[in-house]
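Colleague: All chains, please: the whole structure from these sequences, using the hints.
10 protein chains.
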Amino acid sequence: MNDNNKYGAEAVEAARLESWPNPSPERDYTIEISFPEFTCLCPRSGYPDFATIRINYIPDEKIVELKALKLYLNAFRERAISHEESANLIFSELNELLKPRSLEVIGDFNVRGNVKTVITVKL
Amino acid sequence: MNDNNKYGAEAVEAARLESWPNPSPERDYTIEISFPEFTCLCPRSGYPDFATIRINYIPDEKIVELKALKLYLNAFRERAISHEESANLIFSELNELLKPRSLEVIGDFNVRGNVKTVITVKL
Amino acid sequence: MNDNNKYGAEAVEAARLESWPNPSPERDYTIEISFPEFTCLCPRSGYPDFATIRINYIPDEKIVELKALKLYLNAFRERAISHEESANLIFSELNELLKPRSLEVIGDFNVRGNVKTVITVKL
Amino acid sequence: MNDNNKYGAEAVEAARLESWPNPSPERDYTIEISFPEFTCLCPRSGYPDFATIRINYIPDEKIVELKALKLYLNAFRERAISHEESANLIFSELNELLKPRSLEVIGDFNVRGNVKTVITVKL
Amino acid sequence: MNDNNKYGAEAVEAARLESWPNPSPERDYTIEISFPEFTCLCPRSGYPDFATIRINYIPDEKIVELKALKLYLNAFRERAISHEESANLIFSELNELLKPRSLEVIGDFNVRGNVKTVITVKL
Amino acid sequence: MNDNNKYGAEAVEAARLESWPNPSPERDYTIEISFPEFTCLCPRSGYPDFATIRINYIPDEKIVELKALKLYLNAFRERAISHEESANLIFSELNELLKPRSLEVIGDFNVRGNVKTVITVKL
Amino acid sequence: MNDNNKYGAEAVEAARLESWPNPSPERDYTIEISFPEFTCLCPRSGYPDFATIRINYIPDEKIVELKALKLYLNAFRERAISHEESANLIFSELNELLKPRSLEVIGDFNVRGNVKTVITVKL
Amino acid sequence: MNDNNKYGAEAVEAARLESWPNPSPERDYTIEISFPEFTCLCPRSGYPDFATIRINYIPDEKIVELKALKLYLNAFRERAISHEESANLIFSELNELLKPRSLEVIGDFNVRGNVKTVITVKL
Amino acid sequence: MNDNNKYGAEAVEAARLESWPNPSPERDYTIEISFPEFTCLCPRSGYPDFATIRINYIPDEKIVELKALKLYLNAFRERAISHEESANLIFSELNELLKPRSLEVIGDFNVRGNVKTVITVKL
Amino acid sequence: MNDNNKYGAEAVEAARLESWPNPSPERDYTIEISFPEFTCLCPRSGYPDFATIRINYIPDEKIVELKALKLYLNAFRERAISHEESANLIFSELNELLKPRSLEVIGDFNVRGNVKTVITVKL
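Chains as they are written, first to last, in this note's numbering: chain A, 1 to 123; chain B, 1 to 123; chain C, 1 to 123; chain D, 1 to 123; chain E, 1 to 123; chain F, 1 to 123; chain G, 1 to 123; chain H, 1 to 123; chain I, 1 to 123; chain J, 1 to 123.
The set of hints was computed from the structure by calculation and includes no laboratory data.
Any given hint could be a false lead.
Unchecked claim - Have a look at the derived ranges for each label pair, beta carbon to beta carbon: (1) G/L97 to F/P43: 26 to 34 Å; (2) D/V111 to H/E32: 57 to 65 Å; (3) B/K67 to C/K122: 33 to 41 Å; (4) H/N56 to I/E26: 36 to 44 Å; (5) J/R79 to H/S102: 41 to 49 Å; (6) H/K99 to D/V111: 58 to 66 Å; (7) B/T52 to A/P43: 36 to 44 Å; (8) I/K116 to J/V111: 21 to 29 Å.
Beta carbons are placed, not taken as given, at the ideal position from N, Cα and C, and that holds for glycine.
Modeller: This is the structure in C-alpha cells:
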C-alpha cells in the first residue's frame, strides 16, 4: 500500500465532495443517507471518536455523489476535531456544494467518558 | 432457456407497465405495494445494487397490473442507474400511466460502501 | 460502463476465487462469512432467485480472498442454476481451492412460489 | 496535538501490551473483555475496516492491563492488515505476554463489500 | 377457467411429484423446504383445514422439483383427508420418489374446533 | 336447545373417546394436540377451574378422532374433579383406547386462589 | 358436592349482583375490572363459548361487590346465550344496579369457527 | 423483634405521612412514585390482597417524605379495607397533606377470584 | 372480620398443610405449583419481605391439597423468618407430609436493600 | 453526617461480613444473590467503576447475613482496586467466612474506556 492509497485508491483526490446533476429537479423528493462508521480524533485527548453521521436533504439542482461522500467522511480519520465542529463542517460543505432545498446533518457520537452526544444541524 | 425467457417467459414484451381499470373510481382508497427483490447496477462502479421498492397510491381511473409491474421491476437487473434516478423513473412512469390521486415511491437501498440511502418521491 | 466493467471493474478476471496464505496455519481457528445479496436465475422459469450464502470454515494452508469471493458470488447473477446446484458448486470450488480443515456452505433462499428452501452442505 | 499525543497522550509508549501480576493465581477464573471500536485498514484496498474484538481468558501468573490493552488496540488504526491476521496477531501477542491457562480471541468485523466476516481463534 | 386450468395451467399433469438428478450425490447435504399455504378438506365435516408443511431431507440420487412440489401440494385443496393421513401420504410419496438418505415431514395444522394439531413423520 | 344438544349436538354419545385406524402404523410418528379451553369444577369449593390440555403421542394401531376428543374434553364442564385426577384420567383413558407407543398429557391450569399448577403425566 | 354448591358455596343466592356504597361519591374516579374466565353456551350449536369480560366505570352512589360479580359471571356457565346478548345483559344489569356516571362493558370472545368477535357496549 | 419494631423500627410513629417543603415551588414539575409491594386484607373474606400503588403529582408548597410514605403504605398490611376505599383513602390523605397542584393515585390490584381490578383517582 | 377470620375464614385451623391421596400412585408424574404472593417479616429489621414460592414434585402416596397450601403460605404473613429458613421450612414440612418421590422448593425473593436473593432446595 | 455515618449508620463496624448459622445444614441447597449497585475506584485513573456483583453458593455450616453483605459491598466505594482484584477479594473473604460447599462470584463491570469486562471466580 503506497501513500496515495490511504483509505481507498482514489482517496487523495476524492476527499473533496462531488456532485451530480439531480435527475428530477422538477419535483421535491427526499434523500436520507446514513454512515455508521465515522471516526475522527478528539482534539483534547488525541483519542479516537466514533459516530454515525446521518444526512437528510431535498436536492435542488445537484445531488451528492455517494462514493466521494464516503471518501470525504473516511478522510476525518486522522483529523483532530470536536463533535460540534465536525457536524457543522459536514453541514457547511454539503450546503455550499449542493445548495439543497433543505438539509439536516446529525452526528450521533458513541459514549466517551460515559457521556453520549448527538449534534443536529438543520437548514 | 432461450433469450426471450430472461427473467420470466413474458419478460421481453412485459417490461412495459400495464394498467387495468379501477373497479371503484367513485371512492378514494389506498394501494400499498412492496417489492423486496429489486436489483440494478451502479453506473459508476458497475457493481450490483439491491433495494426494496415501496409504492403507495390512491388510484383514479386506473390501477397498475401486478405481474407486469414485477416484470418491469425485474428488468432493471441489467440497467446501470443511480439510486436517485431509479426511484424518480419508477415514480414518473407510474404517474404518467396511472395519473393517480396520490403517489409515493420509496427506494430503500442496501448499504453500499458503508453508506445506507433511502430515496422518497411523493406527489 | 463498458463490458469489462460488469459487476465491478475487475469482475471478468476476478470471477475466479483467489486464495491468500493462511497467516496462522499452526493453529485451528474458524472463519464465518455471510453474503446476503446472492442472486441467480431459475433454470426452469428464467425468473431471478435471491439468497443469503453463509460460508463457515477452518483454514489449512490457505484462506479465501474476500473481494474475489464477492466478485465470484456476484457472477452468478446471469447464471441459470438450481438452488441445490449453486450451493454444491460453491462448496466444491471452495473445497478444491482451499482444502480447508472443515467447511460448511448454506444457501438460504427467499420464498419462491410460496416455497422456502434452505440447502446445507458440510464437510 | 503533537505527534506523541496520537490516540491518547501515552499512546506511543503504550502501544505495547502490559501485564499486571494476577492477584489470585492460586485459582482458575475467567476474564471476558469486549472492545467494540476496533478499526484498521484493508491491506488490498486501503479502506478502513471496523470490528468488535472479544477476548476471553483464564489467567495464570499475569493479567492484561486494560488501559494498555485499549491503547494497543487503538494502535491498529493506521495498520494495513487482513481480518484473519489481526485476530491471530492479537491472539499471539496476548498468548506470549500472558501465557494464560486458556485464551479465545474473536474478531467480529462489520460488513465490507456486502460480506460479513467473523474470525475465532482459541487455545 | 376450464378444468385443465385448476390451481395453475399445468396443474393437472403436475399434480404428480417430479424429481431431478441430485447435482452432488457424492456427499450428504440437507434440503429444508417450507410451504405455508397448504389446505385440504376435513373428511368428517367437509370444512377446509389449513397447515404449514415442512419437508427436510438428505437426498440420495434424486431431488424434488420445487414447482411440481408446489402444484402437488396445491392439489390437496379439494381432497377430503385427515391431518394424520395427509402428513403420512406426503411422506410416503416423497420417500418412494426420492429414496432419500433421510426424510422428515411435519404437518403443522391451524386450530380447528379449538384443537391444535402437529403431525411429525420422520425416517 | 334440547338436552341432547349440550356442548354440541352429538355430545351425549360422543363424550366417549373414539379411535380411527392409524393410516401409517408401519412407522413411528408423533401427534401433538393442544386444547386451550378445558374447564371443570373444583371438588372442594365447587368453583370452575380452567386449563389448557396438551396431548403428545406416537400412535400404534389407532389414532384419536379429534371431534370426539373435543366433545370428550368439553364433557368435563360439569364434573367435580381435582387437577391431578383430571390429568391422570385423560391419560389413562387415552392410553387404554389407543395403546400408543408413547403418550404425554399435560394439564396447565389457570391460577386459582393465587396458586398456579401444572400436571405432567408421561408414559 | 351438593346442588347448592355449584360454582361456589354461595352461588345460588349470589348469582345476583350486589352493590356496596361508594366510599368516595364526592369525586369522579374510574374502576377497571377484567374477568378472563367467562364461559357460556352457544344458543345455536350448544357448544361452549369463552370470553374475557372487561368492565370500566365511574361510580356514583354505588360500587359493585367483586365476589358477587364473580359468582354472577360464573352463573353464565350453563346459559345458552349469544355473544351480543351476554354483553348487553351484563351492561344492563350493572347499569340498573349501579346507575354509574359512566359504564363500558366489553365482551372479547375466543375464536369460534375461525371467527373472532368483540362486543363493546358503552354509556 | 419487639412490638414497636413491626414493619420497621420507626413504624409505629411513622405510619403517619410527613411532608417536606418543595425546594422549587416557583415551577410546575411532576413526581411519579410506584410502590409494588402494597398488601392489605379483604374486608369480606379476610384474605390478603396485593397491589401496586402508583402516585403521580405536581407539588405546590410541599412534597411527601418517602420513608414515611413507605411506612404509611406498609401499615395497610393488617387493615381490612376494600380496593376502592384504599385507593381513595391514600388519595384523600395525600391531597389533604400536600395540597398539590395535581394528583393521581392508581391502585393496580392482583387478580383475586379470577377478577383483576384497577382503581384510578385523579384531581 | 373476627379474629378467626384472619387470612381466610378457615385460616386458623388450615395453617397446617393437608394431603389428599394421590389419584394415580401407580405412575410417576410431576406437579408444578407457583405462588407469587408470599410475604413474611425480616427477623432483623421487622420490614416485610415478598417472594414467589415455586414447588415442583413427583408424588408418591399423597398430594398436597391446594387450598390448605395457600392458607399455610398465607400464614407466614406475621412470621419473622429469614429467606433461607422459610424456603427450607416449606421444603421440610412438605417433604415430611408427602414423602414425595422428588421435591424442589424455590424461594425467589424481591430486591431488599438492593440485594436480590433466590433460594433453591432440592431432594 | 459524621464519619461513623458513612454509607449507613452501621457502616463502620458492619463493613465486615457476618455469618448466620445455616438453618438446614443437613441438606445441599443453593443461594443466589445479585447486587447491581457496586462501585469502586480505578487504581490507575482514580475514576469510579460500576459493576453488578453476583454470588451463588451452597452453604455448609454458615450463611452470609444480607445486610452486612450490603454494607460490606458498599464499603468498596472509596477503595482503589482493579476489576480482577475486587472479584477475587470478595470470593476469598466469602470463602474464608462461610467455607461453603460451592461458591461462584461474578463481577460484571460497566464499559470503561470502551472496554467491557466480566470476571468469574468459581470454587
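Colleague: Each hint: holds or not?
Modeller: Here's how the hints hold up against the structure:
{"no.": "1", "hint": "G/L97 to F/P43: 26 to 34 Å", "verdict": "holds, 32 Å"}
{"no.": "2", "hint": "D/V111 to H/E32: 57 to 65 Å", "verdict": "violated, 42 Å"}
{"no.": "3", "hint": "B/K67 to C/K122: 33 to 41 Å", "verdict": "holds, 39 Å"}
{"no.": "4", "hint": "H/N56 to I/E26: 36 to 44 Å", "verdict": "violated, 58 Å"}
{"no.": "5", "hint": "J/R79 to H/S102: 41 to 49 Å", "verdict": "holds, 45 Å"}
{"no.": "6", "hint": "H/K99 to D/V111: 58 to 66 Å", "verdict": "holds, 60 Å"}
{"no.": "7", "hint": "B/T52 to A/P43: 36 to 44 Å", "verdict": "holds, 40 Å"}
{"no.": "8", "hint": "I/K116 to J/V111: 21 to 29 Å", "verdict": "holds, 23 Å"}
Hint violations for this structure: numbers 2, 4, all remaining hints satisfied.
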